[in-house]
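Trainee: Given these sequences and hints, build the entire structure.
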Amino acid sequence: MEVFDEPSSYYPSESLSLDELAYWVAFTRILGIGPVRFKMLLDYFHDDVAAAWNANWKELAQAGLDQSIIDSFIRQRASSNPQRELEKLERLRVQVITIRDNAYPSLLKEISNAPTVLYVAGTLKKEEDSFALGIVGTRKVSAYGRQVTEQFARGLAQGNVTVVSGLAHGIDAIAHTTALDAGGRTIAVMASGLDIIYPSENTGLAR
Numbered sequence: 001m002e003v004f005d006e007p008s009s010y011y012p013s014e015s016l017s018l019d020e021l022a023y024w025v026a027f028t029r030i031l032g033i034g035p036v037r038f039k040m041l042l043d044y045f046h047d048d049v050a051a052a053w054n055a056n057w058k059e060l061a062q063a064g065l066d067q068s069i070i071d072s073f074i075r076q077r078a079s080s081n082p083q084r085e086l087e088k089l090e091r092l093r094v095q096v097i098t099i100r101d102n103a104y105p106s107l108l109k110e111i112s113n114a115p116t117v118l119y120v121a122g123t124l125k126k127e128e129d130s131f132a133l134g135i136v137g138t139r140k141v142s143a144y145g146r147q148v149t150e151q152f153a154r155g156l157a158q159g160n161v162t163v164v165s166g167l168a169h170g171i172d173a174i175a176h177t178t179a180l181d182a183g184g185r186t187i188a189v190m191a192s193g194l195d196i197i198y199p200s201e202n203t204g205l206a207r
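Heads up, the final residue of the sequence shown is numbered 207 in my numbering, and it's a clean run with no missing numbers.
If you are wondering where the hints come from, they were derived from the structure by calculation, not from laboratory data.
Be a bit skeptical, because a hint or two may be false.
[To be verified] Pairs of lysine-lysine residues, derived as DSS-like cross-links and limited to a Cα-Cα distance of at most 30 Å, are as follows:
#	residue 1	residue 2
1	Lys-109	Lys-88
2	Lys-125	Lys-39
3	Lys-126	Lys-109
4	Lys-88	Lys-140
5	Lys-125	Lys-109
[To be verified] If you anchor each label on the Cβ, the simulated ranges turn out as follows:
#	residue 1	residue 2	range
6	Ser-17	Asn-56	19 to 27 Å
7	Asn-113	Gly-134	47 to 55 Å
8	Trp-57	Lys-125	39 to 47 Å
9	Asp-43	Gln-151	31 to 39 Å
10	Ser-79	Ala-51	28 to 36 Å
11	Arg-146	Arg-75	31 to 39 Å
12	Ser-17	Asp-66	44 to 52 Å
13	Gly-134	Lys-88	45 to 53 Å
Ideal Cβ positions, reconstructed from N, Cα and C, are used throughout, including at glycine.
Mentor: Written out as structure tokens, the structure reads:
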């Protein structure tokens, strides 16, 4: 399936080869290895992500991973195919932005455990989206909550501020819809992944 009716064109990372990017993507799907441990592996293997991915038990221990993490990684790695993961993203026309790419949001880089990879459907406009504000809230919205959310989202959109929310029922959906109706930009940060629009009732809004 395609993520959106008119998905943006897939493009590889500007800082990594396709082979390297495949391993970066694969590591993001390994439970137990987040941004901090991934950086630790890259440091130990001198930025050779393929070597980190294919390392044996002893090498992973020397890199600083504890026994339970190593065992878990090796089990998950056995059923993972990095190249297929990348091919799936290409079919979905999902953009892959790594923390090393210029397109990666500069403020997000400043946190200690910034995501190593972002998956994007649509278009990020770094200059425009550098002025952004999040609006999130309850799924059960009162009349007052709706009114205030619409006022904030409309004002931000009309002031060329990108409205960021989570595509959930309630406040999130109101914020996205109002920003779009006002001719502004909006970004949805989705916990469910780009291939599963949740809640499904907001599929039209996502598109």
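Trainee: Taking the hints in turn, state whether each one holds.
Mentor: Do the hints match the structure? See the list:
For a cut-off of 30 Å, the pair hint linking Lys-109 to Lys-88 stands: about 26 Å separates their Cα positions. Pair hint Lys-125 plus Lys-39 holds up; C-alpha atoms about 27 Å apart against a cutoff of 30 Å. At most 30 Å may separate the alpha-carbon atoms for a hinted pair to count; Lys-126 and Lys-109 meet this at roughly 13 Å. For a cut-off of 30 Å, the pair hint linking Lys-88 to Lys-140 is broken: about 35 Å separates their Cα positions.
Between the alpha carbons of Lys-125 and Lys-109 the distance comes to roughly 16 Å, so the proposed pair stays at or under 30 Å and holds. Checked against the given bound of 19 to 27 Å, the beta carbons of Ser-17 and Asn-56, roughly 24 Å apart, stay inside it. A hinted range of 47 to 55 Å for the beta carbons of Asn-113 and Gly-134 is inconsistent with their spacing of about 18 Å. Range check, Trp-57 to Lys-125: Cβ separation about 45 Å, and the 39 to 47 Å hint holds.
For Asp-43 and Gln-151, the Cβ-Cβ distance of about 48 Å falls outside the hinted range of 31 to 39 Å, so the restraint is violated. A C-beta distance of roughly 20 Å is found between Ser-79 and Ala-51, which places it outside the suggested range of 28 to 36 Å. For the pair Arg-146 and Arg-75, the supplied restraint of 31 to 39 Å is violated, since their beta-carbon distance comes to about 47 Å. Ser-17 and Asp-66 have their C-beta atoms about 31 Å apart, which leaves the hinted 44 to 52 Å range violated.
One distance hint, 45 to 53 Å for the beta-carbon pair Gly-134 and Lys-88, is violated here, with the actual separation near 29 Å.
Consistency with the previously given hints fails for numbers 4, 7, 9, 10, 11, 12, 13, ordered from lowest to highest.
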